[in-house]
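Chains as they are written, first to last, in the working numbering: chain U, 1 to 394; chain E, 1 to 394; chain C, 1 to 394; chain B, 1 to 394.
Derived from the structure by calculation, the hints contain no laboratory data. Please note that a few of the clues may not be correct.
[Unchecked claim] Pair ranges (Cβ atoms, derived): (1) E:G217 to U:E123: 36 to 46 Å; (2) U:D260 to E:G217: 30 to 40 Å; (3) E:E37 to B:K53: 24 to 34 Å; (4) E:E37 to U:E44: 33 to 43 Å.
Every residue gets a Cβ at the ideal spot worked out from N, C-alpha and C, and that includes glycine.
Number of protein chains: 4
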Amino acid sequence: MSFQNPVFIPGPTNMPEDLRRACDMPTLDHRSPLFGEILHPALEGVAKVVGTKKGEVFVFPATGTAGWEVALTNTLSPGDKVLATRNGMFSHRWIDMCERHGLDVTVIRREWGEGIDAAAVEEALRADPAIKAVLATHNETATGVVSDIAAVRRAMDAAGSDALLFVDGVSSIASMPFHFDDWGVDVAITGSQKGFMLPPGLAITVFSAKAADAVEGAGLPRTFLDIRDMRKGYAAGGFPYTPPVGLLNGLNLSCRRLLDEGMKGVWARHHHIAEGVRAAVEAWGLELCAVSPELYSDTVSAIRTPEGFDANRLVAHAATRYGVAFGTGLGEVAGKVFRIGHLGSLTEPMALAGIATAEMAMRDLGLEVESGSGTAAAEEVYRGAGAPMAMAAE
Amino acid sequence: MSFQNPVFIPGPTNMPEDLRRACDMPTLDHRSPLFGEILHPALEGVAKVVGTKKGEVFVFPATGTAGWEVALTNTLSPGDKVLATRNGMFSHRWIDMCERHGLDVTVIRREWGEGIDAAAVEEALRADPAIKAVLATHNETATGVVSDIAAVRRAMDAAGSDALLFVDGVSSIASMPFHFDDWGVDVAITGSQKGFMLPPGLAITVFSAKAADAVEGAGLPRTFLDIRDMRKGYAAGGFPYTPPVGLLNGLNLSCRRLLDEGMKGVWARHHHIAEGVRAAVEAWGLELCAVSPELYSDTVSAIRTPEGFDANRLVAHAATRYGVAFGTGLGEVAGKVFRIGHLGSLTEPMALAGIATAEMAMRDLGLEVESGSGTAAAEEVYRGAGAPMAMAAE
Amino acid sequence: MSFQNPVFIPGPTNMPEDLRRACDMPTLDHRSPLFGEILHPALEGVAKVVGTKKGEVFVFPATGTAGWEVALTNTLSPGDKVLATRNGMFSHRWIDMCERHGLDVTVIRREWGEGIDAAAVEEALRADPAIKAVLATHNETATGVVSDIAAVRRAMDAAGSDALLFVDGVSSIASMPFHFDDWGVDVAITGSQKGFMLPPGLAITVFSAKAADAVEGAGLPRTFLDIRDMRKGYAAGGFPYTPPVGLLNGLNLSCRRLLDEGMKGVWARHHHIAEGVRAAVEAWGLELCAVSPELYSDTVSAIRTPEGFDANRLVAHAATRYGVAFGTGLGEVAGKVFRIGHLGSLTEPMALAGIATAEMAMRDLGLEVESGSGTAAAEEVYRGAGAPMAMAAE
Amino acid sequence: MSFQNPVFIPGPTNMPEDLRRACDMPTLDHRSPLFGEILHPALEGVAKVVGTKKGEVFVFPATGTAGWEVALTNTLSPGDKVLATRNGMFSHRWIDMCERHGLDVTVIRREWGEGIDAAAVEEALRADPAIKAVLATHNETATGVVSDIAAVRRAMDAAGSDALLFVDGVSSIASMPFHFDDWGVDVAITGSQKGFMLPPGLAITVFSAKAADAVEGAGLPRTFLDIRDMRKGYAAGGFPYTPPVGLLNGLNLSCRRLLDEGMKGVWARHHHIAEGVRAAVEAWGLELCAVSPELYSDTVSAIRTPEGFDANRLVAHAATRYGVAFGTGLGEVAGKVFRIGHLGSLTEPMALAGIATAEMAMRDLGLEVESGSGTAAAEEVYRGAGAPMAMAAE
């Protein structure tokens, strides 16, 4: 494995040097006023990145998994009913968490590769008005499927549901369009290591006023992840415990970079890079796990390998022989897909390095893929962009 | 605030450059075998640092507060009885966490500045054999008081108690003597940002077999902090979610450095630096918060300022005027003490810079302290050491 | 320009992170014994890299241009005769330096793209036995031409010449076969920023005993670049003036990495990467500046663009549009060639990123190059290697 | 030696982290326009720092010693007469360089510890109107003596001399008042590793128009150090050879920091820190090498140890036992003085760490110095400053 090659796992992503440096801070007294000068702009930056003017941002020194737990434990009580769609590994795990926390989960099962079925959500909510929360995975990292969150909200409204809408945006936020306020999201969850291009270590959550109000009645126990302590800490320019100062400093700079580029530019850049990867997949004669174009994720492509071929071998071979990391298939699609992560700070030449390497690795293992075919297809997509990608510049 | 001055808060501590660099890693695929080569030696290193051959180490991407929660939620059920001594801010907070998690806490109140009263522990356990866990804060960071954990264990044994012994070693482990196996500790908790000299971001916990066995019956809900998922992840060379690869890489190197120096050397070094600080305090004519010498902490000194003087002003002035961070008093001793943290990687010259600065700051604010008095006293202590401090060399 | 894309200028080259970090040292007292522990292994490492057991290494805080001057001023006097072959920009500049230092230069002019004509060297030496030094540019960075230094030495011997042999190995040493002792080199010159993969800032020179003996009679004035002061400094574990400690620390580590890989491995790796680039050039239907295969450089390829096309536009476009740096043509081949540097730490995926980018840039500017053609050709070359490239691993 | 302790050698100095990072750049194509955006502001910054509106700045990838050579070889011819005052090791070495370059040097010998005798300069110039250059060492780093350059210029004018005035400002520029234009300096020389707080590796020179005009007639040979090539390179946004991009990037930021603070602030800060050190020396009952107060250097103090005591032992002991680097005595004062460098980025607490360490080391070796005496004296000086030092903040 060479640290000079880009990585193509769907996170942690390639970190621009200035963000790494922002995280690698010398020790700062987190009880000094300087800390607030890092914390508050970071929180405000996150709000802008997710598209909220009214939401409240809570950042924990943890990971996205803890972010899921933040959503549940700050709003719900044991025995509460929640509705969740299961269409990949990460939605599956979140459901498992609900069960372990004593929630009563209704699961809408979908094939992996499909998106959230808003109609089924509406139906389930009509059938059970007691449902307190709907869990939606915006972008299934395991299958490369993006779901329509606005449609889920419309379904909830149509059903006259009063439930909260929790959205896992771990692999979508800061990379693909996300509209917290417009979509009526109640809790959004992400981490530092994907679109924010930072090391792992931050669970980033955003609460609507309605979700935040639920905290007093929420019966699930919590202390480390309690938003009330966090809120009190922020108000005093601090944290309820030792904050991850360096990562917050990185988050602050990351938001500034994203917002300077403009979120529309960020989303367009991700779409552009993804289109090149998808053109390569087509040129290879392979198919995506995502079953239809409107589900194609702009942050990760899960690529089905031919029947009888173990996709894990491909990932292992690319790592061992070429020092390049792709993602394996997880859960139900383990061995059936390999994944190319294309989110975060990834230039066209970096993407082409990954595509060319995938090509070599597939040929090495006997897949019938033409040398240079995917690269050529991606090159033509990339050439089509009139102007250089903004994020390329540091 | 200058990043060139050492910090004298009792953590996060001054980070040696090689540890900072070990943490600041480029993105590594955490599902590749390389990750196991970082993780496993780090876990083994921690076991050696805390003095256990039988304990099981679990490291979470979180903070010490989460570490407390790991201990509680993996071993206890709502309504379970626990016994805790309250003698400072951090023991106070841990008790609060117990209450918020629905545990039934018996509190032994002690003056801040005193240590744990083992006799009272014995008495309480005799009075209530249903107590399932004893919570002990080894080193109260707020008061600079170290308690005798071996005595607590003896008290438990004398009472014939079957309770688990949970020890908060956040500001003692990797700095002061800690003997997990010999003391019969069941869960020990610390963080990355104190004796390990790393950035914050790791909750480091160690479980005895007895504590680990309690996990199946533990009724408190948990997922992010469940040691069973963690154990399963480790066994496969991974984590149940995205691991903080850089911090674990730093932890690995930190343990290697500590163990190369030898834990006895590490403890002696901390004692030596602390003795200099205490000599300075005496020369200034001030008193420690800790009420007797056997309670003096080798990692932090809480220094009482004269009646009527607001100690917070001193901390603010030292930061603003000299760019040096000391710790304020917390909770019951807020405004009454200031704290000099002297743990982690701190050389004699660095300690002297802090002592001299404290001296200047006290004089600036009108305290009757003789210029150079504390420095002179500390110099004589430091000169007494025959050999250079090992950790000084990188 | 993105710092995440690799560079394809023929130096300064892509720096592996560990070498950058070795250079980025905190201030070390260069008069302490610690400095000698950095300096001496670095000097010994260089000797092994260039293949000498008897040569003496002198490293100056300067650049390769100063290295040329070190060779001249430490061995020659004004009016001395020297013989030089001119077949590119760098040999041209070295000749200019001779003239400015009052030497009497006989120039053997060759077309740019050709190598050194050993027969002409022999002839010139026979014609003028007073020639004191022969200047040979091992690898012409401007044209991508490697010359046969062993043949030059044979020509000198055949002519019975007593002249010193000075070899500019700036873009060959540490990348292509170099045999100081076996080839009878008297002074070899290189820099830190090419095969050693470090920042610029070191002029690295190696002297044979014969060359070193010439220093006492050398009439050209020098102080900063005098090898006698340097030698005296080294003997005392120091430098005659402030040494570039960080760069020397980097040089030490760089040599260790190169020697751990084995010089044969290093050379094979460079040849392998170069073969891929050359396959791409052929697939594009373009020609190298180097006129025949035995002259092909394994560190840089100068590629002729079609008549009437300004090659500089290509370099500017690749930089502006794709953030990738290639080399322009220099001197006589300005506008006629563009250069792909492929030396130092360059993996196969990195090379493919450069090839794919060149392809896109050429098509953007209307050159008739097939998309993916060069990439496909290079992929097939790279796949041919049975094992991963050693240097890829850090 | 600990990298966490500050260094007290009179250069290379303690580097603020942001300057180190600015120097540690990834590879940038130095032929791209981006390089000019680093180079030109750096050159303009240097001009402002030395106080010139008309002078021309030339920065070479070399050291201060090369800077001396730049001055001589670009303006003089073999046999030219120069006048130099010798009052320390560095003026001694510059004179040696003149001799090795075939110049005819008249030396005005002064005791080490004294400054330049302007009257003697005037006398010598009257005696020999053919003298082409006067060499003046502004701050003798070996003795801690600053000389009056304005007085030297007045002496030259009084003598009606047409000679050029060359000033070695290696350890004064960017730390002590320097007025290139006002003092009528013709060539000023410094390096990157002192007041500019960067790693070594840059010879920074400034030429008056008169000095620059001398270049065409200058008969001393030079290529690497020729200002004409440099000027031509700069005009095209580049360098005549591979530039030290990272160091220039650091120089750019260093100038910005210095100029943002304001040169008067920089000088006052150095004076303030130096006053503390001098108060300590007096409290120890020791004397400076500099014979009178107006000669006291604000960047380095050379401190005489008692007769019969080998000052080198002190430096060795402080390094070995406490990990702190002081400067040894050089040349005529070797073993008689030790030096405390107090230039660059040095806070009051850092200075106190050095003073306290010197105190301990002296006592360890049996010198009769009172513990805490110097520290107390310095503390009182430092407390006297009403406001925090600007540079302390990063």
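Hints and how they fare:
1. For E:G217 and U:E123, the hinted distance range of 36 to 46 Å is satisfied, since their beta carbons lie about 39 Å from each other.
2. For U:D260 paired with E:G217, a C-beta distance near 53 Å fails the hint of 30 to 40 Å.
3. Roughly 59 Å separates the CB atoms of E:E37 and B:K53, a value that falls outside the hinted 24 to 34 Å.
4. For E:E37 paired with U:E44, a C-beta distance near 40 Å keeps the hint of 33 to 43 Å intact.
Hint check: violations occur at hints 2 and 3; the rest are consistent with the structure.
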